[in-house]
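Enquirer: Can you make the complete structure from the sequences, with help from the hints?
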Amino acid sequence: MIDNTENYLDGDVLTIVSRYEEMIKANELYYFDVHEFENIIDHYIEKNKYSDAVKVTTIASKQHPTAISIQIKKAQVLINRGQHLEALAILNKVQGIESSNKEIWLLKGNIYNLMGKHKSAKKQFDEALKKDHENREDLLFRIAMAFEQLNQFDLAIGYLEEALRLNEEDSEVLFELGYCYEKLGLDEKSIKTYSKFLDINPFSDNAWYNIGIVYNRMATFPKAIEAYEFALAVNPQHSKAYFNLANALANSGKFEEAIKLYIEYLEFEDDHASTYSYIGECFEKLNEYDQALNYYETAIKTNEELPDPWFGMGLILMYQDKIDESLVYLEKANKLDSDNPDYWFALASAYSRSETPQKAVRAFREAIDLDPYDPTFSITLAEFYHRNEKVETAIDVLLESCGYNPDSPELLNNLAAYYMLSGDLNATEHYIKKSTDIDAENLNEIFLQFPELEENSQFKKIIAAYSA
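Numbering (full-length UniProt numbering), first residue to last: 1 to 468.
Incorrect hints may appear among the rest.
What the hints assert, rightly or not - No farther apart than 27 Å at their CA atoms in a straight line, the calculated lysine-lysine pairs in the DSS-like style are these: (1) Lys49 / Lys25; (2) Lys240 / Lys196; (3) Lys335 / Lys285; (4) Lys119 / Lys130; (5) Lys49 / Lys93; (6) Lys434 / Lys461; (7) Lys102 / Lys62; (8) Lys192 / Lys131; (9) Lys119 / Lys62; (10) Lys131 / Lys117; (11) Lys240 / Lys223; (12) Lys102 / Lys55; (13) Lys285 / Lys332; (14) Lys390 / Lys332; (15) Lys460 / Lys433; (16) Lys285 / Lys301; (17) Lys102 / Lys131; (18) Lys49 / Lys102; (19) Lys62 / Lys122; (20) Lys62 / Lys93; (21) Lys285 / Lys260; (22) Lys93 / Lys122; (23) Lys47 / Lys102; (24) Lys335 / Lys322; (25) Lys93 / Lys55; (26) Lys390 / Lys335; (27) Lys130 / Lys93; (28) Lys260 / Lys223.
As the list claims (entries may be wrong) - What follows is a set of in silico ranges between Cβ atoms, one per label pair, in the way DEER data are often shown: (29) Ile24 / His272: 42 to 52 Å; (30) His35 / Ser120: 25 to 35 Å; (31) Asp396 / Asp126: 53 to 63 Å; (32) Leu184 / Glu264: 24 to 34 Å; (33) Glu86 / Arg362: 52 to 62 Å; (34) Arg217 / Lys62: 53 to 63 Å; (35) Asn27 / Asp126: 43 to 53 Å; (36) Lys131 / Glu28: 23 to 33 Å; (37) Arg362 / Lys260: 36 to 46 Å; (38) Glu86 / His35: 16 to 26 Å; (39) Glu86 / Asn48: 14 to 24 Å; (40) Glu264 / Glu169: 28 to 38 Å.
Simulated from the structure, these hints should not be mistaken for lab results.
Think of the CB as a built atom: it goes at the ideal place given N, C-alpha and C, for glycine as much as any other residue.
Expert: Right, here's the structure in full:
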């Protein structure tokens, strides 16, 4: 919410507040001028003592019944107490007397904003801007922050961009604009804006950290790593930078370095279970399964409700052909997070190796339903049907997936292979052509998955005709 309190000298205010509290204690009535009452109200607002602030506004209103500023303060207190409609009634009343007062429009904007009526809030804020031409840049920033605090980043951006046009080197505006762009996934704009901020404030660890997040999301891991390293150089106590740097290193395949950073991060934060799980995953990627299992087990002991280490344990046990043990962990992970398609896919893979075909098909289907845009799930289910001599069903699965992934060469190649196995030459050629129109370089890889087709002269002839 836009802050309506003014800066004041703490010493002077405390003297006034002390005199006011003396009056309350003595059950007497002292005189305070309007400005003094405003400072007393602001003091209680700052202390989050809203009941006391309301009491001050009541006394102040009796001493100064025509003071608009006291009524505005009362509305502000009511807003802080969540009494939005009461505050709005007061503001509407005083607005009829002093419509040029921008604070009235701002507070009404705050109320509508807090009530979720963001378009109405914008109208009020825009009216406030019309009332104040001298402090426009500051007012634009305050309005933007009101929207940003309620995650209305798209609305905040308009005000921040206008503020930036008034002062291109306002570092506060640059930082918040970069943040809003980041939150809306406007990565290039976010990086450009954060970079301008860093030109002015190169020692801002938070800006380096935030720009690292954006680079990491863009999978530009070297730049993400560099940004997190700058953040830590500026502030070695920035714990989240250790964690995100470790993630970026892991995403870059630098698992040993990532492990060291995760271990350093353990010294800062209490979120040990997730960190142990990430360390386990790094060891898993290094094929150091014993170490990975140790860390996954430690993560589970730390927090049994975290699904990731259960999933990691299940995967490794499946790699080691310990299918029954694997299922215990994969089923647990799935129970903890039934909306994760990767968990269903791993569970389906384990079921397919445990002589439980119905469970396997159901799990594959769950994975596909959760993420139909990943063709791997459908391709693997089709392979399962193929192994069970159900080629026509495999074709149906892939045709369904084509509706979501029409430009997947691997999917199209698989379809062509299954049509060849079913004896449909026209369909085979049709899908080979569609595949090569997208990517002709890896066409021969189809024989790795379907070695039986290497002896099929008709299929090889079609492949040769469309090979790059």
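Enquirer: Indicate, hint by hint, whether the structure satisfies it.
Expert: Quick rundown of the hints versus the structure:
Between lysine 49 and lysine 25 the alpha-carbon distance is near 17 Å, which keeps this suggested pair within the 27 Å criterion. Between lysine 240 and lysine 196, the direct Cα distance comes to roughly 23 Å. Compliance with the 27 Å bound is thereby established for this hinted pair. With a C-alpha separation of about 25 Å, the suggested pairing of lysine 335 with lysine 285 holds against the 27 Å cut-off. As the CA atoms of lysine 119 and lysine 130 are separated by approximately 17 Å, the hinted pair is consistent with the 27 Å bound.
Distance check on the hinted pair: lysine 49 and lysine 93 sit about 25 Å apart at the alpha-carbon level, within 27 Å; holds. Distance hint between lysine 434 and lysine 461 is fulfilled; the C-alpha atoms sit about 16 Å from each other, no more than 27 Å. For the hint linking lysine 102 to lysine 62, the alpha-carbon distance of about 24 Å falls within 27 Å, and the restraint holds. At roughly 33 Å between alpha-carbon atoms, lysine 192 and lysine 131 are farther apart than 27 Å, so this suggested pair is violated.
Straight-line distance between C-alpha atoms of lysine 119 and lysine 62 comes to about 36 Å, which puts the hinted pair past the 27 Å bound. Proximity of lysine 131 to lysine 117 is assessed by CA-CA distance (about 22 Å); at most 27 Å being required, the pair is judged to hold. About 17 Å separates the Cα atoms of lysine 240 and lysine 223, which keeps this hinted pair within 27 Å; it holds. Distance restraint check for lysine 102 and lysine 55: the Cα-Cα separation of roughly 25 Å lies within the 27 Å cut-off, and the hinted pair is therefore satisfied.
Using a Cα cut-off of 27 Å, the hinted pair lysine 285 and lysine 332 holds, with the two alpha carbons roughly 22 Å apart. Distance check on the hinted pair: lysine 390 and lysine 332 sit about 31 Å apart at the alpha-carbon level, beyond 27 Å; violated. Our distance criterion of 27 Å between C-alpha atoms is met by lysine 460 and lysine 433, whose separation comes to about 14 Å. Using a Cα cut-off of 27 Å, the hinted pair lysine 285 and lysine 301 holds, with the two alpha carbons roughly 22 Å apart.
For the suggested pair lysine 102 and lysine 131, the alpha carbons sit about 6 Å apart, so the restraint of at most 27 Å is met. Among the hinted pairs, lysine 49 with lysine 102 is consistent with the structure: their alpha-carbon atoms are about 26 Å apart, no more than 27 Å. The hinted pair formed by lysine 62 and lysine 122 fails the criterion: a straight-line CA distance of about 34 Å is larger than 27 Å. At roughly 17 Å between alpha-carbon atoms, lysine 62 and lysine 93 fall within 27 Å of each other, so this suggested pair holds.
A hinted pair counts as satisfied when its Cα atoms are at most 27 Å apart, and lysine 285 with lysine 260 qualifies at roughly 15 Å. Pair hint lysine 93 plus lysine 122 holds up; C-alpha atoms about 20 Å apart against a cutoff of 27 Å. Taken as a hint, the lysine 47 and lysine 102 pair is honoured in the structure, with Cα atoms around 25 Å apart against an allowance of 27 Å. Proposed proximity of lysine 335 and lysine 322 is supported: the alpha carbons are some 20 Å apart, at most 27 Å.
Only pairs whose Cα atoms come within 27 Å are accepted, and lysine 93 paired with lysine 55 is accepted, the gap being roughly 20 Å. Among the hinted pairs, lysine 390 with lysine 335 is inconsistent with the structure: their alpha-carbon atoms are about 30 Å apart, more than 27 Å. Proximity of lysine 130 to lysine 93 is assessed by CA-CA distance (about 20 Å); at most 27 Å being required, the pair is judged to hold. With a CA separation close to 20 Å, the supplied pair lysine 260 and lysine 223 stays within the 27 Å bound.
Taking 42 to 52 Å as the suggested C-beta distance range, the pair isoleucine 24 and histidine 272 conforms, at roughly 50 Å. In this structure the hint that histidine 35 and serine 120 lie 25 to 35 Å apart at CB holds, the actual value being about 32 Å. Distance hint check for aspartate 396 and aspartate 126: the Cβ-Cβ separation is about 56 Å, which falls inside the suggested range of 53 to 63 Å. The given range of 24 to 34 Å is respected by leucine 184 and glutamate 264, whose C-beta atoms sit roughly 32 Å from each other.
Evaluation of the 52 to 62 Å hint for glutamate 86 and arginine 362 yields a pass: the beta carbon distance comes to about 56 Å. Checking the proposed 53 to 63 Å range against arginine 217 and lysine 62 shows it holds: the Cβ atoms sit about 57 Å from each other. The given range of 43 to 53 Å is respected by asparagine 27 and aspartate 126, whose C-beta atoms sit roughly 47 Å from each other. Checked against the given bound of 23 to 33 Å, the beta carbons of lysine 131 and glutamate 28, roughly 40 Å apart, lie outside it.
Judged by the Cβ atoms, the range 36 to 46 Å given for arginine 362 and lysine 260 holds: they are separated by roughly 42 Å. At roughly 25 Å, the beta carbons of glutamate 86 and histidine 35 sit within the given window of 16 to 26 Å. Taking the beta carbon of each, glutamate 86 and asparagine 48 are about 19 Å apart, inside 14 to 24 Å as hinted. The hint said 28 to 38 Å for the Cβ distance between glutamate 264 and glutamate 169, and at roughly 36 Å that hint holds.
Hint compliance for this structure: hints 8, 9, 14, 19, 26, 36 are not met, and every other hint is.
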